[in-house]
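Q: Chain by chain, the residues:
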Amino acid sequence: MKNFKKVIVLSLISILLLSAVGCTTEPENKVLRMSTTTSVNDSGLMAYLQPAFEEATGYTLEITSAGTGAAIEKGRMGDADLLLVHSKSAEEEFIAEGFDEVRVPFMYNFFVIVGPADDPAGVAGSATAAEAFQKIADSGSLFISRGDESGTHNKEIAIWKSIETEPSGQSWYVSVGQGMGQTLTVADEMQAYTLSDKATFLAHEDALVMHLEETDDMKNTYSMIVVSAKRFAESNVAGAQAFVDWIQTEQARKMIAEFGVAEYGEPLFFNLD
Amino acid sequence: MELINTITDLLFGSDPELRQIIAVTLRMSLFSTLFSSLIGIPAGILLGANNFRGKRVLTRLVNTLLGLPPVVAGLIVFLLLSRSGSLGNLKLLYTVNAMVVAQVLLITPYITAMTANLVGVNAATINETLAGVGIRGTKRLKYFLLDFRVPFLTIVLAGFGRSIAEVGAVQMVGGNIQYKTRVMTTAIMMQTNMGRFEFAIALGIVLLLISLLINSVVFRVQKVTADD
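Chain order of the listed sequences is Z and B. The numbering of the first sequence is the numbering used here, which starts it at 1151 and goes up by one. The numbering of the second sequence is the numbering used here, which starts it at 4 and goes up by one.
Bear in mind the hints are in silico, worked out from the structure with no lab data behind them. Please note that a few of the clues may not be correct.
Claimed, not checked - Computed, partial: chain Z to chain B, Cβ under 10 Å:
1) Ala-1221
2) Ser-1291
3) Ser-1295
4) Glu-1299
5) Ala-1353
Even for Gly, the Cβ is constructed at its ideal location relative to N, Cα and C.
Work out the full structure, taking the sequences as your base and the hints as a guide.
A: Listed below in structure tokens is the structure:
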């Protein structure tokens, strides 16, 4: 009797396993290593997209996140098959190394300038981020810089350059060399201004207030780069390409457009046309 | 070869930042070791050399604190010193002093436990000898300090080693602020996060060199005292 039960259970398991195999065409290398910038990971976007992608393609996504500089470096070291980053200059530098890689811009959002509620520098109402930075420099208000060569840090440097100001070494300029979340914590504690991506700021708990958003000079474009097999033969190019294709499907675009709406009343990321 | 160039350039080159980072690191580690030793060694002697009610409970408590994860120590100090924390008006967060506070919290149990262990093993004989010449109570402290000065130095040095190598707590309460609270370990973390591995390795080697230097000094001190 016992044996009979065992046989039934075993055959049921085998049937289930076999049917699961039949469902998706099995990719050869199932593990896709993705190196992303902190903002898409910390905001929860990747965790939200991951199951849908895995179900649609049969790949297993392994995500590591770091500042854009480090995220791209993982591609250089052969520790990632796909990069999802947001710093045009750093991306172009990577591609210029000549392995026939392409960057695929696919979504954007905006940086925001956040600071203490009483806005001592009077940043609110500025027409551009450059104008706001000028006010911060003029008033000598504390400003916290990521200082970690991330996409956000590169953007910040570009804005300082546009107003021909060298903030490094100034008494009001604090460089912390940390991720966005920790930088916001420091800004909150020191009652200082900082430049943040909107998604991370909304997800972070602090008493800071958003003083400026959606100016033209604060657009933040996210791109994907498939790490070429010419760089590393074992790079999972097929898997990376599957993600690039999937993220541009109607299903994925709809998911991105809806992400964050329920929680924050507005989308955190926008699809590029 | 390139690595050696990077290291020499870091140490002796035109950029003063590394020398500044080393200075902050040493200042933080020296002060935390000093305060931890001033508390931990007397406390350890008292705990190890005496039999009293509650000794076992106290020993267990010290040993528990020994296992305090650095990030938990960092979290406690962060919450205390935070703007909204109970000691927020001291404005200590993101200063070297805050880092010293967190380190003292971490290293004092270590020095206390090591001292108590060391003293405890020999306490009975020494107590007997001292009692024979009429020295009792807190007066014994001096003799314990003199007797164990060389192993104490080793304990203090191990405490210093812990302090200089710690990263989690000092990152949280120091904030890794450039020119202010950035120390060797947080700088290595940061460089690694930025993908600048060569720079990080160079910093790591500098950290090892400092450790070697201090150990050599202590070795000489031990040798000199042994020769006496």
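Q: Are Z/Ser-1295 and chain B close enough, Cβ to Cβ, to be under 10 Å, as the hint says?
A: Status holds, d = 9 Å.
Q: Quick one, is the Z/Ala-1353 hint okay against chain B at 10 Å, beta carbons?
A: Where the cut-off is 10 Å and the nearest Cβ of chain B is about 20 Å from Z/Ala-1353, the hint is violated.
Q: Does the interface hint hold: is Z/Ala-1221 within less than 10 Å of chain B, judged Cβ to Cβ?
A: holds, 8 Å
Q: Taking the least C-beta to C-beta distance, is Z/Ser-1291 closer than 10 Å to chain B?
A: Violated: closest Cβ of chain B sits about 16 Å from Z/Ser-1291, beyond 10 Å.
Q: If you take the shortest Cβ to Cβ gap from Z/Glu-1299 to chain B, is it below 10 Å?
A: Result: holds, 5 Å to nearest chain B Cβ.
Checked against the numbered hints above, the structure violates hints 2 and 5; every other hint is satisfied.
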